[in-house]
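In full-length UniProt numbering, the protein residues as written are 1 to 346.
Treat the hints loosely; a few may be bogus.
[As the list claims (entries may be wrong)] Pair by pair, the computed Cβ-Cβ distance ranges are:
#, residue 1, residue 2, range
1, G100, P239, 13 to 21 angstroms
2, K320, E33, 19 to 27 angstroms
3, E30, P117, 37 to 45 angstroms
4, D121, G285, 41 to 49 angstroms
5, T179, G285, 44 to 52 angstroms
6, R228, E191, 34 to 42 angstroms
7, K76, T187, 40 to 48 angstroms
8, E33, D240, 15 to 23 angstroms
9, N312, D141, 40 to 48 angstroms
10, P239, I35, 39 to 47 angstroms
Hints listed in this document are in silico derivations from the structure and should not be mistaken for laboratory results.
All values reported here derive from a predicted model rather than from experimental measurement.
Quick reminder that beta carbons are idealized off the backbone N, C-alpha and C, glycines included.
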Amino acid sequence: MVASYLLTGSYASKSEPGIKLWELDNITGELTELIGIAGIERPSFIAVHPNGTSFVATSEVGNGELVSYWVHPVAKKMVEINRQRSNGDHPAHVTIDETGQWLLSTTYSGATINVYPLHADGAIGEIAFSVKHHGSGPNQDRQDAAHPHSIIQVPGKNLFLVSDLGNDTISTYKLNSDTGELTLQYTAYTEAGAGPRHLSFHPSEPVVYSVNELNSTLMVYKISREGRLEFFQLLPLVPDSYNGENTSAEVAVSSDGLFVYASNRGHDSIASFSVQANGTLENLGLAGSGGEGPRHFALVPGNDRLIVANENSHTLTTLKIGHSGTPCIIEYFIETTAPVCVKVIK
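Please put together the full structure from these sequences, using the hints given.
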């Protein structure tokens, strides 16, 4: 395939094209903006429907919104379908279940996890279920209350993991696929003050990787068939010699399961790890993110490239991944307003 297609979200204002559709040249790594769409304030996270014809974006503001869109990359078109209120302030994350029938979101300031039905045309239905998190952590500036930061489905199961930065937990919920109700199954506790943010699953092993924002670490867990997490490795994401400020942001596993990557804001780097036979990680080193504040990134399936959203430098960067598994070349970069999310359209 000569080209891949990407969507980006941003911290742009409502009057700016905050969501953009891009074409990635799979030969050169060049990114070309195809179309942008305005009318949504701070569209900070995107979930693409499993069929690739629609997506949902969060409007990360107080009393925020979830907005669904139809997308046709070849025709260079994006059209809004509908909107629903986020049932909590600052919706930070959203995911669509594997059936394409349910939309699940977290609100960072509202501390809610919410479930909405998704219609066949991509429209978001009225809220079906909501649960609120409670608790706090030792970091008084960032952990004054519960802050569920992300929700992700356990592959092949009606189970979802919620990372709560505010109370240092990763909770396992079971989704009732008929009603949308979530039932808490298990709660795993991270190190105090770690601030769990995002998760990524190994494609073939019962292993999940958790990036901790506040203490800049990566935690490795085994996950049982029932969704119970068992911690078995902790790795630093920045060097001991680094004394500057840093918050880690995103984690992703390569499609072949051989490598894991995590981003650092402040150190402005991508940490690379090789996956060992039991799912543990071996540190391969750090590479520059090609910009400032790498809040999010995406690995392009079947492609040895990593696309980084550098929020503070207002750039998207294409990093070429070498044979060793580490990003080694900045192939391309392009300016765009405060990019904070990159998603590949399947």
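Against the structure, the hints come out as follows:
no.	hint	result
1	G100 / P239: 13 to 21 angstroms	violated, 42 angstroms
2	K320 / E33: 19 to 27 angstroms	holds, 21 angstroms
3	E30 / P117: 37 to 45 angstroms	holds, 39 angstroms
4	D121 / G285: 41 to 49 angstroms	holds, 46 angstroms
5	T179 / G285: 44 to 52 angstroms	holds, 47 angstroms
6	R228 / E191: 34 to 42 angstroms	violated, 19 angstroms
7	K76 / T187: 40 to 48 angstroms	holds, 45 angstroms
8	E33 / D240: 15 to 23 angstroms	violated, 40 angstroms
9	N312 / D141: 40 to 48 angstroms	violated, 19 angstroms
10	P239 / I35: 39 to 47 angstroms	holds, 41 angstroms
Hints 1, 6, 8 and 9 from the list above are not met by this structure, while the remaining hints are.
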